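The chain contents come next:
There are 2 protein chains.
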Amino acid sequence: MTTHDPLTLVFGALADPTRRAILSRLAQGPASVGELAAPHAMSLAGVSKHIKVLETAGLISRRKDAQFYYCRLTADPLKDLQGWLDAYRRFWDDNLDQFEAYLADLQKGDPDSKQ
Amino acid sequence: MTTHDPLTLVFGALADPTRRAILSRLAQGPASVGELAAPHAMSLAGVSKHIKVLETAGLISRRKDAQFYYCRLTADPLKDLQGWLDAYRRFWDDNLDQFEAYLADLQKGDPDSKQ
DNA sequence: TAAGTTCTAAACTGTTTAGTTGAATACAAT
DNA sequence: ATTGTATTCAACTAAACAGTTTAGAACTTA
Chain W
1 MTTHDPLTLV
11 FGALADPTRR
21 AILSRLAQGP
31 ASVGELAAPH
41 AMSLAGVSKH
51 IKVLETAGLI
61 SRRKDAQFYY
71 CRLTADPLKD
81 LQGWLDAYRR
91 FWDDNLDQFE
101 AYLADLQKGD
111 PDSKQ
Chain Y
1 MTTHDPLTLV
11 FGALADPTRR
21 AILSRLAQGP
31 ASVGELAAPH
41 AMSLAGVSKH
51 IKVLETAGLI
61 SRRKDAQFYY
71 CRLTADPLKD
81 LQGWLDAYRR
91 FWDDNLDQFE
101 AYLADLQKGD
111 PDSKQ
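Order-wise, the sequence lines are chains W and Y. Taking the UniProt record's numbering, the leading residue of the first sequence gets 1, the next gets one more, and so forth. Taking the UniProt record's numbering, the leading residue of the second sequence gets 1, the next gets one more, and so forth.
Simulated from the structure, these hints should not be mistaken for laboratory data. Treat the hints with caution; some may be incorrect.
One copy or two, it doesn't matter: identical chains are merged, so the pair holds either way.
[As the list claims (entries may be wrong)] Derived SDA-like pairs (lysine to any residue); straight-line CA-CA distance at most 25 Å:
hint, residue 1, residue 2
1, K49, P17
2, K52, R62
3, K52, T8
4, K79, H40
This structure is a prediction, so every number in the text was calculated from the model and none was measured.
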């Protein structure tokens, strides 16, 4: 997952409960790395690495103030994720079965068709 | 990621372009493993493993008919993912800044707070 | 029955990941 | 200057992952 496309980076970053918990915490406002680490039974360096993963995915940004690193949520990638998800909404939103969905698809474009 | 919670399983399954391409293909209707494998420069066994990951996450289901295994999309987990995402929508939907979002949060519950 | 097709299972390999500890950096306070 | 605080960086380990190849199971067709 090291050098991948944005969507892979974002999904990968979210595929970890600790990172989702950090994001959830940041949804309440900015916090220092130490504050983010406190609730977790893990070394500070460990949390620091999780934060870096979130940052690489663009889900948070870091700002240094004195000796503190403050983190804040940057939700833009989540918007992209929403866009991806939208292509599948009809599968649960409506009560279309898969055949109807298939017909509906002929009108629209395709979501994630590789190559 | 082996023995994890549903959300981790789903995010993890989606953190791979091949698996997302498979899902995208299945959005057009059921397909056999061979059909799903065809567009990918990868061994059949490799694709079979990706399919298993998707199945474990509940994103697809498999049905055997003669010597064919037919796969179809089961989008329910994506609905859960949507639920998770909803908790963050205000961060891009409105033009709330983070402080306002914080205040708005005091009224609501919290999304993914671990432990 | 024999041979072909479709797929999974098992065993193996190289790479990535999540976590650790210990040292280094940057700044504040004494 | 020295000590303390907040954090990253580097090196390491164990586990998980993505991929391979080889073999085997299940079924069809000749």
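Inset, instruction - Could you figure out if K79 and H40 sit no more than 25 Å apart (CA to CA) within one copy, between two copies, both or neither? - result: Cα proximity of K79 and H40: none, with 27 Å in one copy and 28 Å across.
Legend entry - Intra/inter-copy verdict for K49 and P17 if alpha-carbon distance must be at most 25 Å: both (14 Å within a copy, 24 Å between copies)
Inset, instruction - At 25 Å max between alpha carbons, let me know whether K52 reaches R62 within a copy, between copies, both or neither. - result: within (9 Å within a copy, 37 Å between copies)
Inset, instruction - Measure nothing new, just compare the shortest in-copy and cross-copy C-alpha distances for K52 and T8 to 25 Å and report within, between, both or neither. - result: both (16 Å within a copy, 19 Å between copies)
Figure legend: structure checked against the earlier numbered hints; the only hint not met is number 4.
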